[in-house]
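Student: Residue-level listing of the chains:
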Amino acid sequence: MRRQIFLLFSGFVLAFVLDAQVTSEDLLKSPAENWLTYHGDYAGKRFSPLHEINTATVAGLVPKWVRHFTTGSDLEATPLVYEGVMYTTAGNELYALDAVTGREIWHYQSANSQGRGVNRGAAIWGDQVFFTTSDCYLLSFRRTSGAVLWAREFASKADGYSCSGAPFAVKGRILVGVASSGINCFVAALSAEDGKEAWRVWAVPKSGEPGSDTWGQFPLREGGGPMWTVGTYDPDLNLIYLPTGNPWPDFHGADRPGDNLYTDCILAVDADTGKMKWYFQFVPHDTHDWDANETPILADINFRGQPRKLLLQANRNGFYYVLDRETGEFLTGTPFVKDLTWATGLGAKGRPILRPNSEPSAAGTLTCPSVHGASNWWSPSLNPDLGLMYVVTLEQCELYYSSSQKAVANSGFRGTGHNIINARPGQFYLRALDSTTGNLRWEFPMPGPTTMWAGTVATAGNLVFSADDDGDLAAFDAKTGKPLWHFFTGSNLHASPMTFGVNGHQYVTIASGTNLITFGLAAKTP
Amino acid sequence: MFAATAVFCPSDLRGQLDRSGPPTTANPLTRDPALVEAGASLFRQYCTGCHGRGGEGGQGEGQGPNLATSWEVRRAKDQELSGFIKNGVKGTAMPAFPLPDEQIRQLAAFVRSLNAPAASLPIAGDVQAGEATFFGKGQCSSCHMIRGRGGYLGPDLSDVGATRRLGELRNSLTDPSPIPSADYRPVLVTGADGKQLRAVAKHSSYWSAQLLDERGNLHLLHGEDAAKLAFAQESWMSPEFAKRLSPGELNDLVAFLSRQSIRPLEPPKGPPVPKEGAR
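First to last, the sequence lines map onto chains A and B.
When we follow the working numbering, the leftmost residue of the first sequence carries the number 1, and every step to the right adds one.
When we follow the working numbering, the leftmost residue of the second sequence carries the number 1001, and every step to the right adds one.
There could be a bad hint or two in this list.
Okay, derived cross-link-like pairs now, DSBU-like style, lysine-lysine, Cα gap no bigger than 30 Å in a straight line [unchecked claim]:
| hint | chain 1 | residue 1 | chain 2 | residue 2 |
| --- | --- | --- | --- | --- |
| 1 | A | LYS524 | A | LYS482 |
| 2 | B | LYS1137 | A | LYS157 |
| 3 | A | LYS206 | A | LYS171 |
| 4 | B | LYS1077 | A | LYS524 |
| 5 | A | LYS338 | A | LYS157 |
| 6 | A | LYS338 | A | LYS171 |
Please keep in mind that the hints were generated in silico from the structure rather than gathered at the bench.
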């Protein structure tokens, strides 16, 4: 008998037993202790009802664990947490960690994927967890063990596509998007069961389709419109809101006369069929790379005294937009940066009123915002009780250059480029905007090298956590903007914070450089 | 009660062939068995002194590295690999071998084959019969999973052909390590229904432990519960496993495992490699 005698526990108490299936109902209840989507919820609010960490207790927040990843690039993921297990990604890698201790449960690294790339997170559905490789495979894993269930290539690297975004689980389908340099991009909905494609929404229409007449003679196949962030979802309207990126070549628009639909848009599509119900374009004929990939936040709040279903976006172009998300009607828009030179305002239907001589030129045209944008994919958050939207905002201008050099797709050519003026490096701010007007309520300056790509999370503890531009995670009084706590994470921040709970205690996590750091209250957590 | 259950966990299957470079399934060097064979002969002549007979590396100072697990070798393009042999490697003890180009190519093919994933090599054996053994007589699937079918106590094998070498696959079946690897240490837990379950510890320390039981449920222990854990010394996988299968069944099982890749693979061409694998 070769087996050893096993010592058994008497009175063994299980901290956790996980055998539940993650359902639509679970996803609709998130975030609470669980944080089940990239933004925590379907609406993109990144607002947690947890309040153990609050304005009175936040001073006792301490790091509980740090996990180092041997990834080549800085981490950009927002982790998911389900029943005490954290699922997080690095380029071509997926990890399941004990969320309380940071200890690894399982880990997958794609041996086949070329290069490391960056990755922004995972999706969860049923007993599965999903992530995409940099070469656009969606992989499905058994949630508890990490066993691979299937792999589906949904776009070809050979065609010029790349993938970095977190997948998005809606009604048993996993939405995935692609980026490119000059090839028409899309979001596809794949069955969670086997990866079979249910529908696909293209950023640029095919010849003869509505919108195809907004490109002149430009080859539509090369229109671009990267869809590298996957939007938000309204279960009542059964609509998914998909942001699209900018047209290609980025800075040279002469060969693509017209509005270049559906680039720089929000597309409202039917969750079951992918059929477009409406679209709204923020920047017609973009020549500054101001994609619309910022979070389209869904909120039901009074607008001018009337309850409305709203879609809110602090756009890369410097305007804060309020749309009716049932119809796509433009309700209002206002600059949320002081430095905004390219437009004098927005028309009645939201179309920008262009300031003359703002186009990129051979000699360079000084324009604000910069190509990074007034905002970007770094996450905003919304405190619905206070009616405040928290936006990491970049005040920055740049010289934009254009060239009529012949554009070649997938060559890396973008129509020339852009340059920061050394004397005007710009600066980040955390801004609290009135969610229905975009008016500034408070701001906190974040001096630094303007190299961060990190956002916020808001909580019912009357707090907003935000990365700053100098490597700190900081907590602010949500109402007043008073800084209450901060911690230098040791590295530049390229990811947004999130918060979760285990055993009734609250934690806050952020990726910093190649580390993932989790904080909890010293007096409360093990 | 568990002793009656035949289980096996090839603990050395846990790792991956390489995590930094893409194993190619279409390398022209490894797809030509004659080239590999000629390279093996040259390797014995020129290389074994430093790199060991099977490329496993020499012992002691000044000896050559293990070429079968070297990420530098896997990552190198064919031309670079040939360059290492022909011109030597500066700053190391690796000298230049000014051999004719064809012989350099043969050597490169052999070194490449040491690192080739099993899925890229033609193999003797009946894949379908191997599948039947995996899910049937071999009882492999009581612990191992392939594409969602099977158990939880052993490593997932869905990608094992793309990430392991042929020799490793065979060795893990015929000569499994009795010592469980660090993230598959066997332990018993009590399920929600009070039943005792076999489990493996994915990690454990004084402060916390993360266990996966045979039903696929996780048990996350913190504090005292973790400190009280006790483990078996031997893997859930019986080293006696292979004795229950005939050489033909074993060969078919290796063939089946070698074809497991989560990405579609171009089927290997050419005559099957010898049973011992590419070496």
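Student: Looking at the structure, which of the earlier hints fail to hold?
Tutor: Of the numbered hints, 2, 4, 5 and 6 do not hold.
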